[in-house]
Amino acid sequence: IIFFFFIFFFFTKFDPNFPEILQLDPVVSAEEGDDVILPCFHPKEQINNVLWYKQLTGQKPVLLASSYYRTQPFKFYNDFDMPKRFDLLRADGSSNLSITSIQQSDSAVYYCAVAFSNIVSFGAGTVLLLKGHHSNKYTVQQLPVPHLLYPKDSVTLQCSVITNICAGDHSVYWFRHGSGESDPGIIFTHGNRSDQCKKSSETVSPTQSCIYKLPKNNLSLSDAGSYYCAVAACGEILYGNGTKLNVKGKNLKLIQRFQKSCYCLVAKINYVIRFQIFNTVYILQYSVSNEMNYAALKFNTKTTKMKRGRNHEETVYSGVARQSYK
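When the letters of the sequence shown are read in order and numbered with mature numbering (1 follows the signal peptide of the UniProt record, and there is no 0), they come out as residues -19 to -1, 1 to 307.
No lab work stands behind these hints: they were computed from the structure. Do not take every clue at face value.
In silico DSBU-like links for lysine-lysine, alpha-carbon gap of 35 Å or less [unchecked claim]:
1. K179 to K118
2. K249 to K229
3. K25 to K118
4. K118 to K197
5. K118 to K41
6. K229 to K133
7. K56 to K25
8. K41 to K65
9. K41 to K194
Label-pair distances were calculated between CB atoms; the ranges are [what the hints assert, rightly or not]:
10. S152 to A248: 55 to 65 Å
11. P24 to Q122: 39 to 49 Å
12. K41 to K118: 16 to 26 Å
13. I192 to D73: 19 to 29 Å
Glycine is no exception: its CB is placed at the ideal position from the N, C-alpha and C atoms.
Kindly produce the complete structure, drawing on both the sequences and the hints.
Next comes the structure, spelled out in structure tokens:
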């Protein structure tokens, strides 16, 4: 058996790119007692086995179920069929994991994988979170960050653990899920440390508050996504509510600056045009007024000259007429 086990792992290649496995829901939130379905889409061809793994925070993945594709029913491992809350819903090109009456112990990352020849390909994983779940032993809180961040900015994510019963060491893990194919695996762990904790005796029952920080410096577009902290303590694993980082590209800044410049330029042009129109109208009104006065004086002068000319012409004509008559 050991020989075949060695042969399998020696000749098996783990390839995350081929064939493509799609787990479309990176994070699924549900209330305790709900039923959930974790979808997994895989190629219809070039596939021998379909496998599902469950990974608790800080632990190795555990095989949940496997089956030869289209030929045999799924086989469950590690007592996942007792009680029967797990089931596999198979269709052409998909093998979805169904969990009924979910419990706190079901909070984990679930990976779908397929095997073909000596290649095993994994999906990005789906994180199952219990929405609104509160432990009787401790509370996990995540503080929000600025709504909009830009590349090269810096921000610090914060996870607080408050307890009044279990004051032992905590194991805190951070994992991120971005967009598309980003892997929601663990990106940082604080390990078993309690040096960041402070005790308070101001309340009726003394509490211990631990603050864990994850600094993110020189942000890039690839840092965008939802960050979750998971705390393993007091025999339980509890997830925070998540902190979302929105990192926008520099193009948005340039567009905003360009828009502001355009607004200022339009306002300036509008002011100049209005000033020019006002100035032109004022000059025209002043010129028309002067021309009207000058025309009146000119008209009076012409009229006088014309009258004099007519009188002179009439006199001359009268004189000529009289001479002819004689």
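Restraint status (C-alpha distance of K179 to K118 at most 35 Å): holds (17 Å)
Distance restraint hint 55 to 65 Å, applied to the beta-carbon atoms of S152 and A248: Distance hint for S152, A248 holds at roughly 58 Å.
Range hint 16 to 26 Å (beta carbons of K41 and K118) holds or violated: Since K41 and K118 have Cβ atoms about 25 Å apart, the given range 16 to 26 Å holds.
Straight-line alpha-carbon gap K249 to K229, limit 35 Å: It holds: about 31 Å lies between the C-alpha atoms, which stays within 35 Å.
39 to 49 Å as the expected CB spacing between Q122 and P24, which holds or is violated: holds (42 Å)
Pairwise hint evaluation, K118 against K25, where the allowed Cα distance is 35 Å at most: Not OK: K25 and K118 at ~47 Å, beyond 35 Å, violated.
Hinted pair K118 and K197, Cα distance within 35 Å: holds (30 Å)
Assessment of proposed distance window 19 to 29 Å (beta carbons of I192, D73): Once the Cβ atoms are compared, 50 Å apart, the range 19 to 29 Å for D73 and I192 is violated.
Given pair status - K194, K41, alpha carbons within 35 Å: Holds. K41 to K194 sits at ~24 Å (cutoff 35 Å).
Satisfaction of hint between K25 and K56, Cα-Cα up to 35 Å: It holds: about 20 Å lies between the C-alpha atoms, which stays within 35 Å.
Hint consistency between K118 and K41 [alpha-carbon to alpha-carbon, up to 35 Å]: holds (25 Å)
Proposed proximity, K133 with K229 (alpha carbon, max 35 Å): holds (11 Å)
Checked against the numbered hints listed earlier, the structure breaks hints 3 and 13; every other hint is satisfied.
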